[in-house]
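A.B. asks: Given next are the chains, with one letter for each unit.
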Amino acid sequence: MTPDQLSRIREEITREGVMICFNGTFVHSIIEELGNALRRYLQEQEEQKSAALDVFSVYIEQAQNIRNYLARKKFTDATSASAIIVIARRGERYVVSSGNVVDGEDQAALTAQLEQVRSADAAELRKLFKEKLRSGTRDPAGGAGMGLIEVARRCAEPLQYAFHPVEGGRSFFCLTAVI
Amino acid sequence: MELNIPRTNATPEIRWDSASGTLAITGESYPENSFDFYEPVLEWLRHSLPTLARLRLEVSVSYMNSSSIKCMLDILDAMGEAHAAGAAVEAVWSYETDNPRALDLAEEFRSEVLFPFVVNPVGG
Numbered sequence: 003m004t005p006d007q008l009s010r011i012r013e014e015i016t017r018e019g020v021m022i023c024f025n026g027t028f029v030h031s032i033i034e035e036l037g038n039a040l041r042r043y044l045q046e047q048e049e050q051k052s053a054a055l056d057v058f059s060v061y062i063e064q065a066q067n068i069r070n071y072l073a074r075k076k077f078t079d080a081t082s083a084s085a086i087i088v089i090a091r092r093g094e095r096y097v098v099s100s101g102n103v104v105d106g107e108d109q110a111a112l113t114a115q116l117e118q119v120r121s122a123d124a125a126e127l128r129k130l131f132k133e134k135l136r137s138g139t140r141d142p143a144g145g146a147g148m149g150l151i152e153v154a155r156r157c158a159e160p161l162q163y164a165f166h167p168v169e170g171g172r173s174f175f176c177l178t179a180v181i
Numbered sequence: 762m763e764l765n766i767p768r769t770n771a772t773p774e775i776r777w778d779s780a781s782g783t784l785a786i787t788g789e790s791y792p793e794n795s796f797d798f799y800e801p802v803l804e805w806l807r808h809s810l811p812t813l814a815r816l817r818l819e820v821s822v823s824y825m826n827s828s829s830i831k832c833m834l835d836i837l838d839a840m841g842e843a844h845a846a847g848a849a850v851e852a853v854w855s856y857e858t859d860n861p862r863a864l865d866l867a868e869e870f871r872s873e874v875l876f877p878f879v880v881n882p883v884g885g
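Chains as they are written, first to last, in the numbering used here: chain G, 3 to 181; chain C, 762 to 885.
Isolated chain G (complex conformation) (with noise of 0.2 angstroms):
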């Protein structure tokens, strides 16, 4: 990378309020080192002990999510096999944005999931979380299919998601939590 690459990329996420960014191969101990460097930055900025544990929460559904996902469908080319993830302050808001290739076949189940979690207010994320609860979801790689909800319930708006399409009838599946 060229320095003026990195000047851009360093001007990029300094105006972005980026505290993490992340690419490449989500494995449990880099999710769990991320983890614990966002706990203190965490600890340095929030003074609010539930805000903090809100942004770690969410930060570590959205990447357990990934990981799950990834392990199940063991794609084999190095781009879809990784995923990025971001951290932000904005003002007293902050931000966990995510990205991960997607199987063309699972958008439709994972949109329908996306709405049904935007669409529901507190009380509904209640309702939701306890039926997923009791439900018996488990898949082999670790998933209770709780962490969307869960990530929902601890958002100051609505998630924001889009899929951008990629080779091979796949799409680029970014989504957005404001805590």
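By construction, these hints were calculated from the structure, which means they are not laboratory data.
Predicted model only: the values in this text are computed from it and were never measured.
Backbone N, C-alpha and C fix where the C-beta goes; we use that ideal spot for every residue, glycine too.
Be careful, since some hints might not be right.
What the hints assert, rightly or not - Output of the computed footprint for chain C on chain G, the stretches with three or more beta carbons under 8 angstroms from beta carbons of chain C:
#	segment
1	57-63
2	148-155
As the list claims (entries may be wrong) - With a Cα cut of at most 20 angstroms, we get these calculated SDA-like pairs of lysine to any residue:
#	chain 1	residue 1	chain 2	residue 2
3	G	Lys75	G	Val29
4	G	Lys75	G	Gly171
5	G	Lys129	C	Pro861
6	G	Lys129	C	Asn794
7	G	Lys129	C	Leu834
8	G	Lys51	C	Leu875
9	G	Lys76	C	Asn794
10	G	Lys134	C	Leu834
11	G	Lys51	G	Ala90
12	G	Lys134	G	Arg156
13	G	Lys132	C	Asp865
14	G	Lys51	C	Gly788
15	G	Lys132	C	Leu875
16	G	Lys76	G	Asp105
17	G	Lys75	G	Lys132
18	G	Lys129	C	Glu868
19	G	Lys129	G	Glu159
20	G	Lys75	G	Arg156
21	G	Lys76	G	Val119
22	G	Lys132	C	Asp859
23	G	Lys134	C	Phe796
24	G	Lys51	C	Glu873
25	G	Lys129	C	Asn770
26	G	Lys129	C	Gly788
27	G	Lys129	G	Cys157
28	G	Lys132	C	Asn770
29	G	Lys134	C	Asn794
30	G	Lys132	G	Asp105
31	G	Lys134	C	Val874
32	G	Lys132	C	Gly788
33	G	Lys134	C	Asp838
Following the hints, put chain C in place on chain G, whose structure we already have.
C.D. replies: Same frame as chain G, but now just chain C:
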């Protein structure tokens, strides 16, 4: 039967003290795979609960990811079955008072069980 799982950064300490009849879960819980992590605990409960007259569960966990919450419910369900069969089971769930989410979670668990479940505030 012994149960003694040491604490790590992402997993709680889980320890059975047969002298006091206490199963203590302490720390934070966001394992790589919660179902794998909690399976030995559920296995221990399935094996031990029928032989125990009483069991006190003490939980002091400041953060739990969603799949850990599901596993915790499995633990409480196993205790609920023992309770229905006549065992004296109870849970004491401690939470830090400066963490309202932890209180919400404790209340949600309490609403899921039929045996004594004490929510215990701890000065944070």
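A.B. asks: Compare the structure with the hints numbered earlier in the document and write down the numbers of the violated ones, lowest to highest.
C.D. replies: 6, 8, 17, 20, 21, 22, 24, 25, 26, 28, 30, 32
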